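S.K.: Taken in sequence, the protein lines are chains G and E.
Each residue of the first sequence is one higher than the one before, starting from 1 at the first, in my numbering.
Each residue of the second sequence is one higher than the one before, starting from 324 at the first, in my numbering.
By construction, these hints were calculated from the structure, which means they are not laboratory data.
Worth double-checking, as some hints may not be accurate.
[Stated by the list, open to error] The list that follows gives simulated cross-link-like pairs (lysine-lysine, BS3-like), each with its CA atoms no further than 27 Å apart:
1) E:K438 with G:K181
2) G:K69 with E:K425
3) G:K45 with E:K377
4) E:K439 with E:K398
5) E:K398 with E:K457
6) G:K69 with E:K437
7) E:K361 with E:K457
8) G:K50 with E:K377
9) E:K398 with G:K47
10) G:K139 with G:K69
11) G:K181 with E:K437
12) G:K50 with G:K69
13) E:K438 with E:K351
14) E:K377 with G:K185
15) E:K398 with E:K437
16) E:K438 with G:K50
17) G:K232 with E:K437
18) G:K185 with G:K232
19) E:K390 with G:K50
20) G:K181 with E:K367
21) G:K50 with E:K458
22) E:K458 with E:K377
23) G:K45 with E:K458
24) E:K439 with G:K185
25) E:K390 with E:K437
26) E:K439 with G:K232
27) E:K367 with E:K438
28) G:K47 with E:K425
29) G:K232 with E:K377
30) E:K425 with E:K391
31) G:K185 with E:K391
32) E:K398 with G:K232
33) G:K50 with E:K437
34) G:K139 with E:K438
35) E:K437 with G:K45
36) E:K438 with G:K45
37) G:K139 with E:K367
38) E:K439 with G:K47
The structure presented is a predicted model; accordingly, all values stated were derived computationally and were not measured.
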Amino acid sequence: MKQKIKITNCLYILPVCLVGCMFLLQTTTLYAQDSTAVVKTAPVKAKPVKNTFDGTWLIDDQSVMVPVKGSFEFDIMHRFGTFGNGYQDLDGVFAPANIRLGVNYSPINNLFIGIGLSKTDMLWDGNAKYAIFKQTPGKSPVSVTYYGDMSYDTRFDPDHSLFTYTTDRIGSFNEIIIARKFSDKFSFQVAPTLSHQNAVAGYYTKNDSTGTTVFEQMKHDQFGLNMAGRFKLTETTSIIVDYDQPLTAEPTNNPKPNVALGFEFTTSGHTFQVFMGNYQMLNPEKNSFFNQNSPFPYTDANGTKVKGGMFCIGFNITRLWNF
Amino acid sequence: MKKKLIFISSLFSVCMMSFAFTTIQQPKPWPVPEKNAKMANPVKSDAASLASAKSLWNLHCASCHGKKGLGDGSKAAQLKTTPQDMTLASFQSQSDGSLYYKIAEGRDDMPSFKKKIPDAEDIWSLVNYVRTLKK
Numbered sequence: 001m002k003q004k005i006k007i008t009n010c011l012y013i014l015p016v017c018l019v020g021c022m023f024l025l026q027t028t029t030l031y032a033q034d035s036t037a038v039v040k041t042a043p044v045k046a047k048p049v050k051n052t053f054d055g056t057w058l059i060d061d062q063s064v065m066v067p068v069k070g071s072f073e074f075d076i077m078h079r080f081g082t083f084g085n086g087y088q089d090l091d092g093v094f095a096p097a098n099i100r101l102g103v104n105y106s107p108i109n110n111l112f113i114g115i116g117l118s119k120t121d122m123l124w125d126g127n128a129k130y131a132i133f134k135q136t137p138g139k140s141p142v143s144v145t146y147y148g149d150m151s152y153d154t155r156f157d158p159d160h161s162l163f164t165y166t167t168d169r170i171g172s173f174n175e176i177i178i179a180r181k182f183s184d185k186f187s188f189q190v191a192p193t194l195s196h197q198n199a200v201a202g203y204y205t206k207n208d209s210t211g212t213t214v215f216e217q218m219k220h221d222q223f224g225l226n227m228a229g230r231f232k233l234t235e236t237t238s239i240i241v242d243y244d245q246p247l248t249a250e251p252t253n254n255p256k257p258n259v260a261l262g263f264e265f266t267t268s269g270h271t272f273q274v275f276m277g278n279y280q281m282l283n284p285e286k287n288s289f290f291n292q293n294s295p296f297p298y299t300d301a302n303g304t305k306v307k308g309g310m311f312c313i314g315f316n317i318t319r320l321w322n323f
Numbered sequence: 324m325k326k327k328l329i330f331i332s333s334l335f336s337v338c339m340m341s342f343a344f345t346t347i348q349q350p351k352p353w354p355v356p357e358k359n360a361k362m363a364n365p366v367k368s369d370a371a372s373l374a375s376a377k378s379l380w381n382l383h384c385a386s387c388h389g390k391k392g393l394g395d396g397s398k399a400a401q402l403k404t405t406p407q408d409m410t411l412a413s414f415q416s417q418s419d420g421s422l423y424y425k426i427a428e429g430r431d432d433m434p435s436f437k438k439k440i441p442d443a444e445d446i447w448s449l450v451n452y453v454r455t456l457k458k
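With these hints in hand, go ahead and build the complete structure from the sequences.
M.R.: See the structure below:
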C-alpha cells in the first residue's frame with residue numbers, strides 16, 4: 001500500500017527538524033571550546049605516595065602523616081570510663097572521662113608542631129613530628145617519620161606532696177614511625193618508642209629477715225612497640241587498629257598493652273575516629289608507663305588472677321584548615 | 324456554572340501564584356582569566372589519574388556536588404549557591420583550564436583547593452574526572 005504524505009504535515013516537521021539541527025549545532029559549538037588547548041603530557045616522575053593514612057592520629061598513637069605546609073589542626077580527643085560497671089555507669093560512658101584539646105601547625109613542609117592539654121593530671125604537652133622520608137616508587141619502600149613529645153604535669157601541689165622538684169613534673173616520648181601503604185585500601189605502620197618519666201613511683205624499703213632493701217618500683221625509661229593499620233571500606237570510611245606493647249619489664253606496676261579497634265570517617269576537613277581500646281590517658285608517655293587497663297587476663301605479682309577486657313570507648317575529632 | 328467559573332479562576336490564581344514564587348537560579352557568571360582558561364591539561368586521563376581523582380572527588384567534592392556531579396550532595400541544600408549539574412553539556416563546554424582555575428581558586432561557597440590539594444597534577448586529574456561525569 002502506498003503511503004500518503006500530506007503537504008500540511010511537512011509544514012510541522014520542517015520547524016521541528018530546524019530546531020533539532022540548531023540544537024545539535026549549538027551542542028557542537030559548546031564542545032568545540034577545548035580544541036584550542038595544546039595537548040601536552042608531563043614527563044613521568046616518581047612522586048611520594050599520598051594518603052598512607054587519612055589523619056595524623058591512629059586512635060592512641062600518631063600516624064606517619066605530616067600535613068602540608070600551612071596546615072592548622074584542632075584536635076578534640078575523648079576517652080570514657082572503662083567497661084565493667086554495666087548499667088550503673090553505662091559501661092563507662094557515664095563514668096569520669098578524660099579529654100584532650102590540642103592544636104598543631106605546619107610552619108614548613110614535613111614539620112608539624114603542636115601543644116595540647118589533657119584533663120588527667122592537667123597535663124600540658126608540646127610535640128613535634130618530622131617526615132624524614134616518604135614512600136616513593138623506585139626510591140623508598142616505606143615512609144619514616146620522627147615524633148617527639150614532652151609533657152608537663154600542672155596539678156596544684158603547694159605542699160610538694162606530689163612533686164619534690166619542678167623537674168619531676170616532666171615526661172617525654174620519642175618514636176620513629178615506619179609505614180607503608182600496601183594498596184589503596186591497606187596501610188600499616190610500626191613504631192619503636194622510648195618514653196621517659198623524670199619522677200616515677202620512687203623507692204620503697206622492704207624489711208624482712210634478710211634486712212632492709214631498697215627497690216626501685218619503676219624505671220625511668222620504658223621501651224615499647226606500636227603497630228597500627230588501616231583498611232579502607234569506602235573512600236571515606238576505614239577500619240583502624242592500634243596495638244601498643246610495653247617492652248621494658250618494670251619491677252612493679254608493669255604497664256599493660258593496648259589493643260584498640262575502631263572506625264574512621266574522613267571528610268574534606270575533618271577526621272572522626274570512634275573506637276574501643278585500653279589506653280585512657282591521652283599522652284603517649286603516660287600511657288606507656290601507667291596504663292593498667294589490660295586487654296588480656298593476667299596474674300599479678302601477688303599471684304592474684306586479674307580479668308582482662310578493661311576497654312573504654314573513645315573518639316578523636318580533628319579539624320584541619322589550610323592557610 | 325458560576326461555581327465552575329469560581330473554581331477555574333481560583334485554580335488559575337493558584338497556578339499564577341506558584342509561578343510568581345518560583346525563581347530559577349541562574350549560575351552567576353564566573354569569569355576566568357584568558358591565560359588560565361587556555362591552559363592545557365598536562366595530565367593524561369588514564370586509569371591512574373582517574374583513580375586518584377575519584378578518591379579526591381569522594382573526599383572533597385561529593386558532599387556538595389554529589390557522587391555523580393549532579394549537584395545533589397548531602398550539603399548542597401544548605402549552600403547559598405546551588406551547585407551546577409556537571410553532567411550537562413553547558414557545564415562541560417568549559418575548557419580544562421577554566422575548570423582547573425575554578426577548583427584551585429574557589430569562590431563564595433566553593434572553597435579554594437590549591438592549598439588543600441597542593442599538587443597541581445591532582446587538580447588536573449580532578450578535571451579529568453569531571454570530564455567522565457558528562458552524560
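S.K.: Please flag the earlier hints that this structure goes against, numbers listed from lowest up.
M.R.: 9, 21 and 23
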